[in-house]
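2 protein chains.
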Amino acid sequence: MILPMRSDGESTRGRILDAAGVEFAQYGLAGARVDRIAANASASKERLYAYFGDKRSLFLAVLTAHLAEVTALIPVSADDIPGFVGGVFDFAQAHPEHFRMMDWARLGGDHDLLPVVPAEVLERDREAIRQAQERGLVDPEWEPSELFALLFAIALSGIQSSAMSGTGDASPADLARHRAAAVRAAGKLVAP
Amino acid sequence: MILPMRSDGESTRGRILDAAGVEFAQYGLAGARVDRIAANASASKERLYAYFGDKRSLFLAVLTAHLAEVTALIPVSADDIPGFVGGVFDFAQAHPEHFRMMDWARLGGDHDLLPVVPAEVLERDREAIRQAQERGLVDPEWEPSELFALLFAIALSGIQSSAMSGTGDASPADLARHRAAAVRAAGKLVAP
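Chains as they are written, first to last, in our numbering: chain A, 1 to 192; chain B, 1 to 192.
Be a bit skeptical, because a hint or two may be false.
No copy is singled out in the list; a pair is fine if it fits within one copy or between any two copies.
[Said to hold, decoys possible] Cut-off 25 angstroms, straight-line C-alpha distance, at most; resulting in silico cross-link-like pairs (SDA-like, lysine to any residue):
| hint | residue 1 | residue 2 |
| --- | --- | --- |
| 1 | K55 | L73 |
| 2 | K55 | A65 |
| 3 | K55 | L122 |
| 4 | K188 | R33 |
| 5 | K45 | L175 |
| 6 | K188 | L67 |
| 7 | K45 | A92 |
| 8 | K188 | E120 |
| 9 | K55 | E127 |
| 10 | K55 | E97 |
| 11 | K45 | D174 |
| 12 | K45 | R33 |
Hint data in this document are derived by calculation from the structure and do not stem from the laboratory.
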């Protein structure tokens, strides 16, 4: 795989975001240490502060970057809602740090740090659902935003199931079963 | 309402469990302070340690007591799975501290602190689903434990929706809509 060239500033920014994601996922906002993030990113603390401001702003920057990644990677395809749920399931398994950061922010009462999905993205997704409802592909009785909340809950159920198993780790076979169940559930939910 | 009489030891135990639930939900295991729990329970630290051992054991005792409460309050009724989901939804709204403690344990990597549902309870609930499947009340293609994981994810989606709204608080009207959507989703999921 050929990586796109990045300018020095961009690559430092990217390294800081990556290191911050690891640190915040592990320790939360309160427990994270900026000097450790800077060291792991091979950047100076001065550089970090110049790019991102304080630790709180850096936390929000990481979550916002994650969210942009999700919405770009997994657009809602109204023709294939179960496939969308499968995509979110896979993203959650590949990027547990994103959901850990959301949980830390929620537990810490830092609701201002939960990144807000841009209004145009929300509207685009709701419109996709509405059109699918008109075309008879999706149960017309769902209010689109309620349906989304349920689909996300189902897609993220794999994280919860792993935690409930008592070990925090699910075997590949368990994961495959959870994924198939989530995709099947999405299909039943949208079926008119 | 007439409260049942409790012996002095029982009421002290109960007060400690209640105070610990509040403290752990707020600060997590690492951040919780035993002296604050004892003070809020009007008990001595010595008494607390004598009853519950160390802070870790107290955390587990609180979660185990919560879990016993849920499984006693909300038995799975195979004839009315949507009603069961509504019951879990209501419990989650009334007792956010239970789910906050579960999240703290998960984030802290303290998977040994997540209480395990007793095998006989799991088996009882699975058996209820199997019988409902035989009687044609529940889609026979679901593996019972996968169906449970999905039903819980749906029942708890209200917590996530509130957090996602950016304020952490949902209006009563929002909650009523989330609850109705969760109950409706459970009905669609189990429909054969």
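Checking an output row: K188 and R33, CA cutoff 25 angstroms. Within, between, both or neither? neither (45 angstroms within a copy, 47 angstroms between copies)
At most 25 angstroms between CA atoms: does that hold for K188 and E120 within a copy, between copies, both, or neither? neither (28 angstroms within a copy, 30 angstroms between copies)
For K45 and D174, with the copy left unspecified, which applies at a CA distance of at most 25 angstroms: within, between, both, or neither? Intra 42 angstroms, inter 43 angstroms, cutoff 25 angstroms: neither.
Intra- versus inter-copy proximity for L122 and K55 (alpha-carbon distance at most 25 angstroms): neither (28 angstroms within a copy, 44 angstroms between copies)
Under a CA distance limit of 25 angstroms, which applies to K55 and E97: within one copy, between copies, both, or neither? Within one copy, since 17 angstroms is at most 25 angstroms while 27 angstroms is not.
First find the shortest C-alpha distance between K45 and R33 inside one copy, then the shortest across copies, and answer within, between, both or neither for a cut-off of 25 angstroms. Cα proximity of K45 and R33: one copy only (11 angstroms, versus 32 angstroms across).
Intra- versus inter-copy proximity for L73 and K55 (alpha-carbon distance at most 25 angstroms): neither (27 angstroms within a copy, 43 angstroms between copies)
Up to 25 angstroms CA-CA - A92 versus K45, copy category: neither (30 angstroms within a copy, 42 angstroms between copies)
For K55 and A65, with the copy left unspecified, which applies at a CA distance of at most 25 angstroms: within, between, both, or neither? within (15 angstroms within a copy, 37 angstroms between copies)
Between copies, within a copy, both or neither: which fits K45 and L175 at Cα up to 25 angstroms? For K45 and L175, neither the intra-copy (40 angstroms) nor the inter-copy (44 angstroms) Cα distance is at most 25 angstroms.
At most 25 angstroms between alpha carbons: which applies to K188 and L67, within, between, both or neither? Close neither inside one copy (27 angstroms) nor across copies (30 angstroms); limit 25 angstroms.
25 angstroms Cα threshold - placement of E127 relative to K55: neither (36 angstroms within a copy, 50 angstroms between copies)
Taken one by one, the earlier hints fail for this structure at numbers 1, 3, 4, 5, 6, 7, 8, 9, 11, listed in ascending order.
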